[in-house]
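Colleague: Read off the chains here:
There are 2 protein chains.
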Amino acid sequence: MANKTYTVAVVGATGAVGEQMLKFLEERQFPVKELRPLSSARSAGSTIRFRGEDIVVQEALPEAFEGVDIALFSAGGSVSEKLAPEAVKRGAVVIDNTNAFRMHPDVPLVVPEVNKEAIRQHKGIIANPNCSTIQMVVALKPLYDRYGLDRVIVSTYQAVSGSGWQAAIELQKQSQAALNGDELPLQVMPVGKLDKHYPIAFNVLPQCDVAQDNGFTLEEMKMDRETQKIFNDHEIKVTATCVRVPVYRGHSESVYVELKKDFDLEEVRTLLSESSGIIVEDQIQEQIYPMPIHVENRTEVFVGRIRRDLHHPHALNLWVVADNLLKGAATNAIQIAEALISEE
Amino acid sequence: MANKTYTVAVVGATGAVGEQMLKFLEERQFPVKELRPLSSARSAGSTIRFRGEDIVVQEALPEAFEGVDIALFSAGGSVSEKLAPEAVKRGAVVIDNTNAFRMHPDVPLVVPEVNKEAIRQHKGIIANPNCSTIQMVVALKPLYDRYGLDRVIVSTYQAVSGSGWQAAIELQKQSQAALNGDELPLQVMPVGKLDKHYPIAFNVLPQCDVAQDNGFTLEEMKMDRETQKIFNDHEIKVTATCVRVPVYRGHSESVYVELKKDFDLEEVRTLLSESSGIIVEDQIQEQIYPMPIHVENRTEVFVGRIRRDLHHPHALNLWVVADNLLKGAATNAIQIAEALISEE
Chain A
1 MANKTYTVAV VGATGAVGEQ MLKFLEERQF PVKELRPLSS ARSAGSTIRF RGEDIVVQEA
61 LPEAFEGVDI ALFSAGGSVS EKLAPEAVKR GAVVIDNTNA FRMHPDVPLV VPEVNKEAIR
121 QHKGIIANPN CSTIQMVVAL KPLYDRYGLD RVIVSTYQAV SGSGWQAAIE LQKQSQAALN
181 GDELPLQVMP VGKLDKHYPI AFNVLPQCDV AQDNGFTLEE MKMDRETQKI FNDHEIKVTA
241 TCVRVPVYRG HSESVYVELK KDFDLEEVRT LLSESSGIIV EDQIQEQIYP MPIHVENRTE
301 VFVGRIRRDL HHPHALNLWV VADNLLKGAA TNAIQIAEAL ISEE
Chain F
1 MANKTYTVAV VGATGAVGEQ MLKFLEERQF PVKELRPLSS ARSAGSTIRF RGEDIVVQEA
61 LPEAFEGVDI ALFSAGGSVS EKLAPEAVKR GAVVIDNTNA FRMHPDVPLV VPEVNKEAIR
121 QHKGIIANPN CSTIQMVVAL KPLYDRYGLD RVIVSTYQAV SGSGWQAAIE LQKQSQAALN
181 GDELPLQVMP VGKLDKHYPI AFNVLPQCDV AQDNGFTLEE MKMDRETQKI FNDHEIKVTA
241 TCVRVPVYRG HSESVYVELK KDFDLEEVRT LLSESSGIIV EDQIQEQIYP MPIHVENRTE
301 VFVGRIRRDL HHPHALNLWV VADNLLKGAA TNAIQIAEAL ISEE
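If you read the protein sequences in the order shown, they are chains A and F. Residues 1 to 344 in full-length UniProt numbering are what the first sequence spells out, letter by letter. Residues 1 to 344 in full-length UniProt numbering are what the second sequence spells out, letter by letter.
Simulated from the structure, these hints should not be mistaken for lab results. Mixed in with the good hints there might be a few duds.
In this list, chains with the same sequence are indistinguishable; a pair is considered to hold if it fits within one copy or across any two.
[To be verified] Below, in silico cross-link-like pairs of lysine to aspartate or glutamate (EDC-like), each with a Cα-Cα straight-line distance of 16 Å or less:
(1) 193 x 286
(2) 4 x 69
(3) 4 x 344
(4) 196 x 286
(5) 237 x 258
Note that this is a predicted model, so its numbers are computed, not measured.
Okay, chain A solo, but in the shape it has when bound:
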């Protein structure tokens, strides 16, 4: 078992998250026998570097999954919908970073710090939650276990890289155009596939995904229902407002948490500090708190501004920041893969 190695496919290998996945497979010495980077026809033929070798990116066709043990998908929901079943049919376990299967009853939705054991129930596909959900549930888990969790009201400050490299380039180009007094190029933000595009440079956009009938956006609904599924507790209530800000990397969240019973604030700090995957940065008097520029390339979830609510006896407030491309996506996916093979 210790010597077992795996053929690993990365679908979306040239994208913002795919690139990080390749980096982590290498850095964390994942036992890769063969790496198969896959992409759309457009990016196929380019090469990626892995363990000192150049590997040609192949087009993600059903046959490309022959002999694959683990397939990491991060190329958009429609690609996962079409190709994940093809990969499973050929014997692969799919770890899917898109929204395609997250709420499917047969698909575990996993954040290893919270519900690693759910992996065992997979029937071929394991889903990686939405980036803004992942970092929040990591911070909530120790509080849930100790005090019980009644409700959460969260407002996000999300980085553009959550929408891919194109969005990051758009922020850069728009910022320079704004500084020069030129017209701003508008192509991606707030949602690439929708009709209207607004500037993100020197602006904030209260929309991170398509609208739902209830007036919430899909991103906001994900935070509610994914949290319930990850904790396997349908009584947790999450109200989210998801907002895009002109930051390249690092999602921030202002989180109001109502617990089931009273708590001691020092105990909360200790619980969080001692939890796997969390770093507490919480000394407002010394101006110490998490910020997106400090979390880039960090795999942990950073928590600060921990304070007892002024008005509700069982509530507290947190400021939660993480690298959306890492713990929010690639790191969590690789952690799932690591947990998966450790069970074998």
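Fit chain F to the known structure of chain A by using the hints.
Modeller: Showing chain F alone in chain A's frame:
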């Protein structure tokens, strides 16, 4: 009375808010007999343009208030503390934009759309609330009157100009330096007078003012206690998280509102639309919502993303945006001055 004119002093005339005050006095045809622009010794001697004339800025010394009817202060709390009593002693009514007197029991704290009548109780000083409070209470007022207001949980997305022109220049310089890959100049953000300075370009800062003993910042505490004072209702509970974002002008707020009774969402939209000083921009399906870049130079409060809470029967969520230099400061101060003279 209709012909009465006033000698008006503007303290901090060369600052970000002072400049807007001068513009509004002119544009709104405030009955100014004599304008007296005042500033620190450093800026004294420069000239400002008012009604087609160049007027020399004088140093703000106690004697400068001789003969002044109305003194608009926007030069920081310590200047107000020292000079507002001097202005009052010489017969002026002070409208103060700083935090110096806001919670003083003898000082009305006024947002004309909410508590215009409080102006009558002044004893020489009338305070202008904090920018982030003003725009929120304008949006809450129609809901308070119709349904009663239990609690508010708000997270802010505040523009740098709330910290003055220097902060806006810092954002501009840092943004260019970041795009060039140069070292970032750090002088103002998050709080000029504190020791540590962090980048605001392509970052967010979960601190808008000094820390308090309870772990909240002063800005966050202002939103709670100022709201109670403006509504003259000490049972309203406000929990705030105040965050600076890389935006020049326009504060945004994600506001969760728990009302005292159930409501009809269409009625809420109608109530807000028909309220003085509010513009509703609320069609998420059409990607219509308020954004900071659209509110620059607008005097109204913009409300969108109006939606019934998923979990609490009497709660709804709002996205509230306003120009922090105008309704958040200069416009509100001039509206107070207008209300003051209309009472005479």
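Colleague: Mind listing which of the numbered hints don't hold for this structure, in increasing order?
Modeller: Per hint list: zero violations.
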